[in-house]
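Next come the chains, spelled out residue by residue.
There are 2 protein chains.
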Amino acid sequence: MAFDPSSLKYDANGLIPVVTQDHSSHEVLMVAWMNADAVKKTLDGGKVTYWSRSRQKFWVKGETSGHVQTLVEMRVDCDRDCLLVLVDQTGPACHTNRRSCFFTSVNAEGETEIMKPMV
Amino acid sequence: MAFDPSSLKYDANGLIPVVTQDHSSHEVLMVAWMNADAVKKTLDGGKVTYWSRSRQKFWVKGETSGHVQTLVEMRVDCDRDCLLVLVDQTGPACHTNRRSCFFTSVNAEGETEIMKPMV
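Line by line, the protein sequences give chains A and B. Just so you know, we're using our numbering here: the first sequence kicks off at 5 and counts up by one. Just so you know, we're using our numbering here: the second sequence kicks off at 5 and counts up by one.
Next comes chain A alone, as it looks inside the complex (with noise of 0.2 Å):
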């Protein structure tokens, strides 16, 4: 039976969290939404496509930077109201330049960088 994008769990806004983790190395890239319509072409067509919260458009991600992600797999959780995608990442996922988007560490006397940028 084909996967249908609507049997998930979406918010308020029509939108579900989705946790990207690089397939290989298993970190955790970045942390973005989508749509319905969003998970339905990131499945077609195998290039990682998010909502923009801000934008309020699709996000096909690193069609301007070229630092696409490229799914290998996707997973839901139980509660059917979270997906998590394996991906292939090309060059940094953050915006910084970062690897990653959580370079930032926390405890409790404060933060520290732990990831510099690639380029």
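No wet-lab data here; the hints were simulated from the structure. Some hints here could point you the wrong way.
Since the list can't tell identical chains apart, any single copy or any two copies may satisfy a pair.
[Claimed, not checked] Derived BS3-like pairs: lysine-lysine, alpha-carbon spacing no greater than 27 Å straight-line:
hint	residue 1	residue 2
1	13	61
2	61	120
3	13	120
4	44	61
5	45	120
6	45	61
7	61	51
Given the coordinates of chain A, assemble chain B onto it according to the supplied hints.
Showing chain B alone in chain A's frame:
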């Protein structure tokens, strides 16, 4: 300078999404939510503590099941609107007794269970 949980960006409900990753295997275990107090409790006590949206109260992970998550490291993303917690997970993270909540693989053709319950 001490870390101030109120410096993070929370949604309209005062919550921030949290990706939970096994610190050694790098498996993504689950995604849940914290409010500023849950962030503080997690950093101060080292037991990962979420905010349960369904029960509207703190959720010390594993408090009843024993499947606790001990904090190894917390990271914040570039937009300060998402957290990544690296944890030492006792037993399964998922309420279905699977190690991870992401046990269902999805493609255009359908869904496949890729992980069995641990116990």
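Hint by hint, here is what the structure shows:
1. Within a single copy, residue 13 and residue 61 get their C-alpha atoms as close as 20 Å, and across copies as close as 22 Å, so both meet the 27 Å cut-off.
2. For the identical chains of this complex, residue 61 and residue 120 are neighbours neither inside a copy (30 Å) nor across copies (38 Å), given an alpha-carbon limit of 27 Å.
3. Only between protomers do residue 13 and residue 120 lie at most 27 Å apart by alpha-carbon distance; the minimum there is 23 Å, versus 36 Å within a single protomer.
4. In this assembly of identical chains, the alpha carbons of residue 44 and residue 61 lie at most 27 Å apart only when taken from the same copy (15 Å versus 35 Å across copies).
5. Taking the shortest alpha-carbon separations for residue 45 and residue 120, neither the intra-copy value of 32 Å nor the inter-copy value of 29 Å comes in at or below 27 Å.
6. When the C-alpha separation of residue 45 and residue 61 is checked against a cutoff of 27 Å, the pair qualifies only within one copy, where the shortest distance is 13 Å, while the shortest distance between copies is 37 Å.
7. Only within a single protomer do residue 61 and residue 51 lie at most 27 Å apart by alpha-carbon distance; the minimum there is 16 Å, versus 38 Å between protomers.
When held up to the earlier numbered hints, the structure conflicts with 2 and 5 and fits the remainder.
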